[in-house]
Amino acid sequence: MTPIAPTFFFYFLSAVALISAILVITRKNPVHSALALIVTLLSLAGLYLMLYAPFVTGVQVIVYAGGIMVLFLFVIMLVNIERAMKEEEFNKQWIAGLIASLLLGGLFLAVYFKGRAIFPSEFTKIPEQMNTQQVGMLIFQNYLLPFEIASLLLLVAIVGAVVMAKKKLS
Amino acid sequence: MPTGNLSVTTFVIASIIKIAIVLWVLLTAVAYTVWLERKVVGHIQNRWGPTRVGPFGLLQPLADGLKFIFKEDLTPPYVHKFLYILAPMLALSMSLIAICLIPFGNSVNIAGMNIPLQITDTNIALLIILGITSIAVYGVALAGWSSNSKYSLLGGLRASAQMISYEVALGLSLVGVLILCGTFSLHGIVEAQTGTWFGFIPKWNIFKGQFIAFFIYIMAAYAETNRIPFDLPEAETELVAGYHTEYSSMKFAMFFMAEYSNMVTVACLASILFLGGWTGPVFGPPILHALLPIFWFALRVLFFIFVYIWVRGTLPRFRYDQLMSFAWKFLLPLAIANVMITALVVALRS
Amino acid sequence: MVPISYYLVLSAILFACGVLGFLIKRNVITIFMSIELMLNAVNLSFVAFASYWQALSGQVFVFFVMVVAAAEAAVGLAIIIAVFRTRQTLNPDRVNLLKL
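Protein chains in written order, with my numbering: chain H, 10 to 179; chain S, 93 to 442; chain X, 1163 to 1262.
Quick caveat, the hints were computed from the structure, so don't treat them as lab data. Please note: incorrect hints may appear among the correct ones.
Said to hold, decoys possible - The list that follows gives simulated cross-link-like pairs (lysine-lysine, BS3-like), each with its CA atoms no further than 27 Å apart:
(1) S/K110 / H/K175
(2) S/K110 / S/K163
(3) S/K173 / S/K159
(4) S/K173 / H/K175
(5) S/K163 / H/K37
(6) H/K37 / S/K173
Stated by the list, open to error - DEER-style ranges, computed between Cβ atoms:
(7) X/V1230 / H/Q142: 56 to 66 Å
(8) S/A155 / X/R1256: 16 to 26 Å
(9) S/L115 / H/E91: 36 to 46 Å
(10) X/D1255 / H/F122: 35 to 45 Å
(11) X/D1255 / S/A429: 28 to 38 Å
(12) H/A109 / X/A1217: 47 to 57 Å
(13) S/T102 / H/A109: 49 to 59 Å
(14) H/L153 / S/P373: 26 to 36 Å
To be verified - Going by beta-carbon spacing under 7 Å, a handful of chain H positions derived as facing chain X:
(15) S23
(16) V25
(17) S52
(18) L60
(19) E96
(20) I108
(21) A119
(22) T141
(23) Q142
(24) L163
Keep in mind the model is a prediction, meaning the values are calculated, not measured. For glycine and all other residues, C-beta sits at the position ideal for the given N, C-alpha and C.
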């Protein structure tokens, strides 16, 4: 079984991810930013699929694109964004920020291009049929303690969010 | 995924033909679900329902469609135009995409080729369907926000909160089935339900102790598709029409079609997960061997759609706080308990 | 096949985009979204390395990152709502009194 056009899909998905990532940080309207971020998340999900990680793809779409981002949209709808839309979009230090992030990105790219030789140009496939089972085995055997700690973290987050967003009863 | 004895070209051609057939059948089913709903609800309320257009009002969907097309397509001022147009498209396309993972029957042999009766099957099919339903929330939420109207916004907010809450219960209710079947593939789930006990009790998941999960799934599915008794997002007595207040003509029809095709998808999923999909007695000549499974499957789907309509004709609407506490305080603990018990039983048995 | 370093380069660029948004935006919700962008860029690296080393631990880690992101989003958005309720602004520069 040969994938029909993996290279094409890679370039397509990464172009979509990049363009929408740039839209996330350049749109003034937070709803547009949120939608662009959803597109980025979905194209990343496609890239995970190309990396033979179907379970992560599913979780990415359900939890990230379908859960967390809905929460974002929800909050954007609750707060009044008309006033925020009238303000300046970027702060005063935007030149410094641009230079800093360009330097950071340049650093990463330099590292990857320097170290390109150690990565093989072709990697062998993980048999994808078993992916979900294997991830489940890993979570519930090798990573059981981190898993429990993560559930505790979620509990703390739930309590924190309720306390924070509750109206004062006075 | 080109599997088995198919070459890429035949796979693509077969897929295109299957997509065309499935879309045609789905859209016709949607149209006639509307007809059936009006007819059944009419009889429940001691009326006739549509009778004028065609025999038994059978051409009513056609007349409705024509009416929608010829109505003025109004875009109110002060809406966020791009999102206002995007929202109904998103809702409809997501509900149409979800059907592509539903298997309608086992594979059939046509001219020596083994063609599965399903547009595509993947090893994470159920996760993909859940993902698509969670993306479909955006159609409703964006429609509410972009309309720039109080009622729409309230409807959109209610819809997104409701759909996220019930999706948790929906997902957890499926875990029991997944533990029993050991696969995410819908085809595999049906395969795991073939056979009978003592020759007459079918080995469906609902008889394997998943009736609580079935109950949770049905409740959550009603809420996911915004149907009575959980149709708070479009509660016409308090919110005019909820998130689609400002929509007219074909844009409104898109939401309408999305709702009904979601109903069909949910009914298909319920019959696959809990009622054994297309399993059933198969007899007679080869042509019947190919068609009977589809018939059994369609029968189950029809049953679920009928229950949908029946519930709509009988039950009143919940209050919003009742809806939320029902999801979080009743369905969710029940679903978790079901998962734990199922896992325990399976672990002890093996 | 696409070499693995391509995925890493994409992840680096996405991360830089996230950093840029975090540094220069004035809207606290968009700043939050930039953090999500950074987390996702890291996730892409994790998955790429996981398939390079044939070790699924990377994918499990993505799972944990998502848990942290969900917790962070819940608490962070609650804070945004609380701040908006008292200050009527989404600009973090305006939130300069150390009390509610």
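Hint by hint, here is what the structure shows:
Only pairs whose Cα atoms come within 27 Å are accepted, and S/K110 paired with H/K175 is rejected, the gap being roughly 52 Å. As the CA atoms of S/K110 and S/K163 are separated by approximately 33 Å, the hinted pair breaks the 27 Å bound. Of the supplied pair hints, the one linking S/K173 and S/K159 holds, its CA atoms being roughly 24 Å apart against a limit of 27 Å. For the hint linking S/K173 to H/K175, the alpha-carbon distance of about 34 Å lies beyond 27 Å, and the restraint is violated.
Distance hint between S/K163 and H/K37 is unfulfilled; the C-alpha atoms sit about 35 Å from each other, more than 27 Å. For the hint pairing H/K37 with S/K173, the CA-to-CA distance comes to about 16 Å; that is within 27 Å, so the pair holds. Between X/V1230 and H/Q142 the beta carbons are some 24 Å apart, a value that contradicts the proposed interval 56 to 66 Å. Distance hint check for S/A155 and X/R1256: the Cβ-Cβ separation is about 57 Å, which falls outside the suggested range of 16 to 26 Å.
Our hint of 36 to 46 Å for S/L115 and H/E91 holds, since their Cβ atoms are close to 41 Å apart. Our hint of 35 to 45 Å for X/D1255 and H/F122 holds, since their Cβ atoms are close to 37 Å apart. Here the CB-CB span from X/D1255 to S/A429 is close to 49 Å, at odds with the stated 28 to 38 Å. Between H/A109 and X/A1217 the C-beta distance comes to about 33 Å, which lies outside the given range of 47 to 57 Å.
Here the CB-CB span from S/T102 to H/A109 is close to 55 Å, well matched to the stated 49 to 59 Å. Distance hint for H/L153 and S/P373: a CB-CB separation of about 46 Å, inconsistent with the stated range 26 to 36 Å. Nearest Cβ of chain X to the Cβ of H/S23: about 5 Å, under the 7 Å cut. The hint holds. Residue-level restraint check for H/V25 is violated (minimum Cβ-Cβ distance to chain X is 11 Å; threshold 7 Å).
Against a cut-off of 7 Å between C-beta atoms, the interface hint on H/S52 is violated, since the closest Cβ of chain X lies about 10 Å away. For H/L60, the interface hint holds, the least distance from its beta-carbon to any beta-carbon of chain X being 4 Å, beneath 7 Å. The closest approach between the C-beta of H/E96 and any C-beta of chain X is roughly 6 Å, which is under the 7 Å cut-off, so the hint is satisfied. At its closest, the beta carbon of H/I108 sits 10 Å from a beta carbon of chain X; the interface hint therefore is violated under the 7 Å criterion.
Annotation: interface hint on H/A119 violated; nearest CB of chain X at approximately 10 Å, more than 7 Å. Hint status for H/T141 relative to chain X: violated, with the closest Cβ pair at about 10 Å, above 7 Å. Because the smallest distance between the Cβ of H/Q142 and any Cβ of chain X comes to about 10 Å, over 7 Å, the interface hint for this residue is violated. Proximity of H/L163 to chain X holds as hinted, the smallest CB-CB distance being about 6 Å (cut-off 7 Å).
Hints 1, 2, 4, 5, 7, 8, 11, 12, 14, 16, 17, 20, 21, 22, 23 from the earlier list are contradicted by this structure; the remaining hints agree with it.
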